[in-house]
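**Student:** Sequences and hints are given; from them, build the entire structure.
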Amino acid sequence: MNVTFLIQQLINGLSRGAVYALIAVGFALIFSVLKFSNFGHGGLISVSAFAGYFFAGVLKFNPVVSVILSAVVGALLGVLLDFIAFKNLRKHKSPSIYYFVSSITAGILFMNVLTIFFGTTFYSIPPFFSQPTINLGNIIIAKLDATIFIVCSVLLAAVMLVINKTSLGLALRAVSMDADTAKLMGMNSNAVVTFTFLIAGMLAGVSGIFLGANFTVDPFIGNMVAKGFIASVVGGLGSLPGSIAGALMLGVIEVILTTACGDIITPALIFVFMLIFLLIRPQGISGKFIQEKA
Amino acid sequence: MALLKVNGISKKFGGVQAVSTFSMEVEKGKVVAIIGPNGAGKTTIFNLISKVYTSDTGSIILDGVDITRMSQTDAARQGIGRTFQNIRLFSTLSVLDNVKVACDYKAKCSMVEAIFKAPRSFKSEKAITQEALRNLEIVGMADLANEKPGNLPYGLQRRLEIARALAMNPKVLMLDEPAAGLNPEECFGLVDFLKDMLVKFDTALLIIEHRMDVVMNIGDKIYVQDFGKNIAVGTPAEIQSNPAVLVAYLGEE
Amino acid sequence: MSSFLLSLITFSAITVIGVVSIFPLTGLTGLFSFGQAAYMAIGAYVAGICAVQLNMTVIPCILIGVLTAGLVSIIIGIPTLKLRTDYFALISMCLGEAITAILRKFSTVTGGAGGLSNIPNYVGTTAIVISAIVIIAIVACFKNSSFGRMSLAIKNDELAAKSFGINVYSHKLKVYLFTSMIAGYCGGLYAFYIRFIDPSMFGWTKSSEWVIFLFFGGINSLTGSVISAILLSVLPEFLRFATEARIVMYSILILLVINFRPQGLLGEYELSLESIKKLFHKSKKLQGGGNNGTT
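Protein chains in written order, with the working numbering: chain U, 1 to 294; chain Y, 295 to 547; chain W, 548 to 842.
These are computed hints drawn from the structure, not numbers from a lab.
Among these hints, one or two may not hold up.
[To be verified] Each computed DSS-like pair below joins lysine-lysine, with the alpha-carbon atoms no more than 25 Å apart:
# : chain 1 : residue 1 : chain 2 : residue 2
1 : W       : Lys721    : Y       : Lys417
2 : Y       : Lys523    : Y       : Lys306
3 : W       : Lys824    : Y       : Lys411
4 : Y       : Lys402    : W       : Lys721
5 : U       : Lys60     : U       : Lys165
6 : W       : Lys824    : Y       : Lys400
7 : Y       : Lys465    : Y       : Lys322
8 : Y       : Lys442    : W       : Lys829
[As the list claims (entries may be wrong)] If the Cβ cut is set under 7 Å, some of the chain W residues that face chain Y in the computed set are:
#  : residue
9  : Asn668
10 : Tyr669
11 : Gly671
12 : Ile685
13 : Cys688
14 : Phe689
15 : Arg696
16 : Asn703
17 : Lys709
18 : Asn767
[Said to hold, decoys possible] Computed from the model, here is a short list of chain W residues facing chain U with C-beta under 7 Å:
#  : residue
19 : Pro626
20 : Leu637
21 : Cys641
22 : Glu644
23 : Ala645
24 : Ala648
25 : Ile649
26 : Thr673
27 : Ile677
28 : Ile759
Where a beta carbon is used, it is the ideal one built from N, C-alpha and C, also for glycine.
**Tutor:** The following block contains the structure:
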């Protein structure tokens, strides 16, 4: 087993990890601000993938424009998702698990509506790059993967900047800690939450078109949100940089396991890996841990 | 010999020493009160004794048994009963069920017997229901057995919490701010009620309280805490004239 | 009775068993698992394999299926029930995928992705409906016992529950075992009814279905689970839509319930002797205005 092979595997793993990271950040954002796992994110990704196909494949816009438009579509869908699935739960102060169930239902809804309209045909987004790969000696790097990696890093940095350095971000953090007090302090909690979904939706929009370009445009492509969930947990629930680290780790491990054991049995091995990881380090990579007070 | 002996327990959260080297003795049939300004670490002491937290140092001996390393569940079974600062009643269980569930851990019936309604499950259920009703009668709430705790007025919710804790037949009953939210008249009622419980249940009482009329009326021994440290121990009369206590509560002149 | 109606009743009964099986786990104890269909898969496949490969008769096959599901649940439960609720939910989701992967991998025994077919013998509608009724009764007994109360206590406030001597971890294990064995039984019945099973039938979407049905009926109500399972199995058939539209329809239905009646269709209402008596007395009062004395 030579070094080149290992490095190639690592690169493949990181590429896959980058795709997962894109999903994970949108997922982790909602978790850290609103404290629940939003499986509706998958629905947003699926619809955005189709939007991406529409812009790049049908209207034949160039990739950059298509990505931006998909991001806009995603953002609007994010707000819609909040409206149909979560807004009333906030009003009724429902326990957090209801949000989880509502999000899964909404995700299923979005994906199945897509199936009704687009179920039977294969759609693919035309390649973004005429020369799809860069060759460094014997190592192949796909340009799309590299782009995803860069875009993901930039987006994450931007989101972290907004959250930590702007007054809007401050409002977001206040609402995430205590929505009622934030309201009493004069913040419009609902507006802040809507804004959070706007950003998360934007991230879903970008994820959707890139996933569609990387794989094929399929109504159930959004089920990859499960990877985002795993990445967030491994990275430490509530930590955005952690979820990226978790995603990369997941990508690399998946590639290694697939090469070593075949892709059929890999899900079972990932399960065992997750179990062992959570038992050894339940606080995840970033180490956030909450002790309940009596 | 003291029923509950606490020796030098402490707890640090990150950089904050919430409780420093606290020691205490509680005798059977007596009332010990812990008082102090907010943030003094009083509830933390309760959490340490009831094993919600594990103490960094020291030991806790209950009726001769070392419970320092026990889990919260085991400590409860050994005889630590408690109520909470914020009422923690089981909201989807009825008033009666809230008390019954405190007896359920010692039910003499396995799950298989319960689901197939074997005769032992009927006996077990009957015994538990009777014991729970008895406890509700003692606190005067038997007629509210089928109510939901959320529908009860605040004072009765607090009383239900106490009834629930008493159903465990605890050796030491720890009450966290039992008088919170009560008006002066209700406070008198509480003092009488607690004195009555002490007799009926043969237990020791450990309370955290801010209301001085309750503390001075019922306390046999008082521990004063401030910023995690103990600043005074004594009878109500001794505490009332202790300068350090006055400073802690009222500030320097 | 037409065969369409019979199969409708049977599939409803199977769904009822599935949804009722997660009632003690999710409704009572508050543990969200999106992997219970994995235990249905284990029950179905073990029973099916015993029949196909080992030529055993129905009852021993199903029994072995149930015991296997139980054994696996203990192995999985011991480490995972120590984790936080969200982690447990996540792991349970991965469990479904793991079981599916294993079923695909060992295709010589299980038939792989193509499925296990020609399962001999047959379990009829009557047996399945009776099973459903018995299981509802068992779960009702559970709810009204010490164990039901302790489950609710754990769901409402785990920390407080510990202060009342409840061994939370061991209780969760017992409930998980109980729940998974019922799901395994459901799988065994299913295998012998439709006589063909494949891994895709038991994924996390099936598990999610059960959870969503439970919610729809009212998470605190066993009666609600039963009614919800029947309603949501039967309704789409009468509307004669294609499969995708049916899923869309019930997703919308559930979102409506979550938005406007989050406590579920029945809230906390349970059908019991007392509630039937109350209904009876109410209707008597409306009829004659007589003095029936106090209720």
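**Student:** Confirm or reject each hint.
**Tutor:** Status of each hint after checking the structure:
no., hint, result
1, W:Lys721 / Y:Lys417, "holds, 22 Å"
2, Y:Lys523 / Y:Lys306, "holds, 12 Å"
3, W:Lys824 / Y:Lys411, "holds, 23 Å"
4, Y:Lys402 / W:Lys721, "holds, 16 Å"
5, U:Lys60 / U:Lys165, "violated, 38 Å"
6, W:Lys824 / Y:Lys400, "violated, 33 Å"
7, Y:Lys465 / Y:Lys322, "holds, 8 Å"
8, Y:Lys442 / W:Lys829, "holds, 22 Å"
9, Asn668, "violated, 27 Å"
10, Tyr669, "violated, 28 Å"
11, Gly671, "violated, 25 Å"
12, Ile685, "holds, 5 Å"
13, Cys688, "holds, 5 Å"
14, Phe689, "holds, 5 Å"
15, Arg696, "holds, 4 Å"
16, Asn703, "holds, 4 Å"
17, Lys709, "holds, 4 Å"
18, Asn767, "holds, 6 Å"
19, Pro626, "holds, 6 Å"
20, Leu637, "holds, 6 Å"
21, Cys641, "holds, 4 Å"
22, Glu644, "holds, 4 Å"
23, Ala645, "holds, 4 Å"
24, Ala648, "holds, 4 Å"
25, Ile649, "holds, 5 Å"
26, Thr673, "violated, 33 Å"
27, Ile677, "violated, 31 Å"
28, Ile759, "holds, 6 Å"
Violated hints for the displayed structure, listed by number in ascending order: 5, 6, 9, 10, 11, 26, 27.
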